[in-house]
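Participant: As a plain string of letters, each chain reads:
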Amino acid sequence: MTKCKGKTISEKILSAKSSTDAYAGDVVEADIDYVMVNDITGPIAFREFEALSCDALRERIVLIPDHFVPNKDVPSAEQAREMRTFARKHRIENYYDVGRGGVCHQVMIEEGFVAPGRLIVGADSHTCTYGALCAFSTGIGSTEAAACFAEGRLWFKVPETMSVSLIGRFKGYVSGKDLILRIIGDIGVDGGNYKTLEFSGGGVESMTISDRLTVSNMVVEAGAKAGIFLADKVTEEFVKGIVKGTYSKVSPDKEAHYSSELEYDLSSLEFMVALPNSPGNVKPAKEVDVLIDQAFLGSCTNGRIEDLRTAASILRGKRIHSSVRMIVVPASMKVYRQALNEGLLGVFIESGAYVSGPTCAACLGGHMGVLGDGERCVSSTNRNFVGRMGHKNSEVYLAGPAVVAASALKGRIAVPDESI
Amino acid sequence: MDNVRGRAWRFGDHIDTDQIIPAERLTSDNMDKLGLFVFGKVNPDFAKNVEAGDIVVAGRNFGCGSSREQAPRALKQAGVSCVIAESFARIFFRNSINVGLLPIECRIEARDGDLLVICPDEGTITNENTGKTFAFKQYPPFIKDLIESGGLMARVRENRRCSR
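Line by line, the protein sequences give chains A and B. What the first sequence shows, in the working numbering, is residues 158 to 577, in sequence order. What the second sequence shows, in the working numbering, is residues 4 to 167, in sequence order.
Keep in mind the hints are simulated off the structure, nothing from the lab. Note that this is a predicted model, so its numbers are computed, not measured. Don't be surprised by glycine CBs; every beta carbon is placed ideally from N, CA and C. Please note that the accuracy of each hint is not assured.
No more than 20 Å apart at the CA atoms, straight line, and that leaves these computed lysine-lysine pairs for PhoX-like [said to hold, decoys possible]:
hint	chain 1	residue 1	chain 2	residue 2
1	A	Lys-314	B	Lys-140
2	A	Lys-169	A	Lys-411
3	B	Lys-36	B	Lys-79
4	A	Lys-475	A	Lys-401
5	A	Lys-169	A	Lys-406
6	A	Lys-549	B	Lys-51
7	A	Lys-314	B	Lys-36
8	A	Lys-443	A	Lys-567
9	A	Lys-475	A	Lys-567
To give an idea of the chain B side of the interface with chain A (calculated C-beta under 7 Å), a few residues [as the list claims (entries may be wrong)]:
hint	residue
10	Leu-29
11	Ser-31
12	Asp-32
13	Asp-35
14	Lys-36
15	Lys-44
16	Val-45
17	Asn-46
18	Glu-72
19	Arg-93
20	Ile-94
21	Asn-98
22	Thr-136
23	Lys-140
24	Leu-155
25	Met-156
So that you can see chain A by itself, here it is in the shape it has in the complex:
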């Protein structure tokens, strides 16, 4: 087959990192900039790695406990200890213990591991989040992480790319979460399988980095390998001052080949909700009338300061519905501190919400808000599979921060009364 001249961002990054001229469909072995593991995927990686009896590429390894920490029970304490021991033994400085880190993907962004053109892998499926900053990043398994600890390289099949062109600007509280839920609803939970979704167009410039992170975070719920936003001034401004080391900007060629093309007008989007038990089971929020028991605001998807500001502005001066408990979990210590300084934590507490420090918490049914039999939760997280947040008969409704806050006030899925 004749190779076309132009390349997508994925083809460019994987070519550069493998020193080959790679196109979609090729298999390459590429140098990774960083490999990250968390407390539940780390232990398998540590054991596989130790069996090799070799030195770790310590500067490229990032260890972030977040799923079951602060330790929820003795087994999770032992597991977190295993990561701490590994970090000490191999003198890994990029280790973020409780009180210094938070949800792994948010920490990776804040600490400057992510920059345009980088290739980053993580033993967590939401590693695709970093595409928001024009990096190629994707989830891998624990054994693959162990191989990266030793070799600093991994194999990749260069993905085909779907072009997602964005125009316009979000209206009111409608956000990145509504866009990505709409996309998953449109293309299906395997509509992006093995592919990159590449986001471009004038609409990108109007999106905050926070919204872009939410979108890239959830491309995996459509099966995608990566979700990459073209870098712009907003990206450069964001990365400046926090990035570790240098980076090379990358942009797609005009003649790049895309397997398919989608277009969304951000100004025409409305609040969306994914109903149980699939992130692809998406409906406009105004068409969903369901009583809820819990409202969860947090996670790598929507636990950033912008999300907390949105929710606080809806909750300010109001009381959460008597039949609802609301749980607010900032995604990192930095977000937590910022929310404290801005007075947002006070708003949540005064409205009757429970606020905790950063952790993945109830997102995956770990702790801090696990659901009982038949309970329903409206959640700013990314998955609503059977039993995801607890009992197999519990239900999760995925939504953006505005719908989570509005629903907490009404006691049922609701859209905010927008006066802006």
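Keeping the supplied structure of chain A fixed, place chain B upon it in accordance with the hints.
Facilitator: Chain B only, in chain A's frame:
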């Protein structure tokens, strides 16, 4: 590669990793007994009745969701030899190869309990109960090598031996 013979267990589309092994089982004290908890939340009979060599037969997008390698490890530890699915989620597919659980992309007709024979080298699956045979595409050369060499860590060991 050796032929595989086992009973079929039918599953539908989009079987996610939370169903295969729920998050609350993902602590390292469970690392060698994941098989006891496989499909524990949604199909507790599976772990009780699965036998060594059995084959999971599923629809589209098997293993979607989390990157947890505990998912293919749980199936493997329970005795499952192979997963046949119309398509796989990418991380599950990669993880399966590395833990020695054979992932085969193929659409087949089989009911629960049907006896299946897989010939990896010929790329065929025969349902002994119906007599029907189904062909599947050979793996790309890189993946085939990876499977035959015993997964990624075996390959890493080989690389390191060669570079010394």
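Participant: Compare the structure with each hint and give your call.
Facilitator: Verification of the supplied hints:
1. Restraint check: the Cα-Cα separation between A/Lys-314 and B/Lys-140 comes to about 17 Å, which is no more than 20 Å; the hinted pair holds.
2. For the given pair, A/Lys-169 sits about 13 Å from A/Lys-411 by alpha-carbon distance, which is consistent with the 20 Å threshold.
3. With a C-alpha separation of about 11 Å, the suggested pairing of B/Lys-36 with B/Lys-79 holds against the 20 Å cut-off.
4. As the CA atoms of A/Lys-475 and A/Lys-401 are separated by approximately 42 Å, the hinted pair breaks the 20 Å bound.
5. Simply put, A/Lys-169 and A/Lys-406 have alpha-carbon atoms about 11 Å apart, close enough for the 20 Å limit, and the pair holds.
6. Simply put, A/Lys-549 and B/Lys-51 have alpha-carbon atoms about 19 Å apart, close enough for the 20 Å limit, and the pair holds.
7. Of the pairs offered as hints, the one joining A/Lys-314 and B/Lys-36 is violated, with about 32 Å between alpha carbons and a cut-off of 20 Å exceeded.
8. A C-alpha spacing of about 13 Å is found between A/Lys-443 and A/Lys-567, which places the hinted pair at or below 20 Å, so the restraint holds.
9. Taking the CA atoms of A/Lys-475 and A/Lys-567, the gap is near 11 Å; set against the 20 Å cutoff, the hint holds.
10. With a least beta-carbon distance of about 4 Å to chain A, the hint placing B/Leu-29 at the interface is held under the 7 Å criterion.
11. With a least beta-carbon distance of about 4 Å to chain A, the hint placing B/Ser-31 at the interface is held under the 7 Å criterion.
12. Hint on B/Asp-32 holds. Least Cβ distance to chain A is approximately 5 Å, under the 7 Å limit.
13. With its C-beta approaching chain A no nearer than about 11 Å, B/Asp-35 sits outside the 7 Å limit, and its interface hint is violated.
14. Here the hint on B/Lys-36 is broken, as its CB sits about 12 Å from the closest CB of chain A, past 7 Å.
15. Using the Cβ-Cβ criterion of 7 Å, the hint placing B/Lys-44 at the interface with chain A is satisfied: the shortest such distance is roughly 5 Å.
16. At its closest, the beta carbon of B/Val-45 sits 6 Å from a beta carbon of chain A; the interface hint therefore holds under the 7 Å criterion.
17. With a least beta-carbon distance of about 10 Å to chain A, the hint placing B/Asn-46 at the interface is violated under the 7 Å criterion.
18. For B/Glu-72, the shortest C-beta to C-beta distance to chain A is roughly 4 Å, which falls under 7 Å, so the interface hint holds.
19. Among the interface hints, the one on B/Arg-93 holds; its C-beta lies about 5 Å from the nearest C-beta in chain A, closer than the 7 Å criterion.
20. Annotation: B/Ile-94 was flagged as interfacial toward chain A, and the flag holds, the nearest CB pair being 5 Å apart, inside 7 Å.
21. The beta carbon of B/Asn-98 is positioned within 7 Å of a beta carbon in chain A (closest approach about 4 Å), and the interface hint is therefore held.
22. Restraint check, B/Thr-136 versus chain A: the minimum CB separation of about 27 Å is more than 7 Å; hint violated.
23. Hint status for B/Lys-140 relative to chain A: violated, with the closest Cβ pair at about 14 Å, above 7 Å.
24. Satisfaction of the interface hint for B/Leu-155 is found here, the shortest Cβ-Cβ separation to chain A being roughly 5 Å, below the 7 Å cut-off.
25. For B/Met-156, the interface hint holds, the least distance from its beta-carbon to any beta-carbon of chain A being 6 Å, beneath 7 Å.
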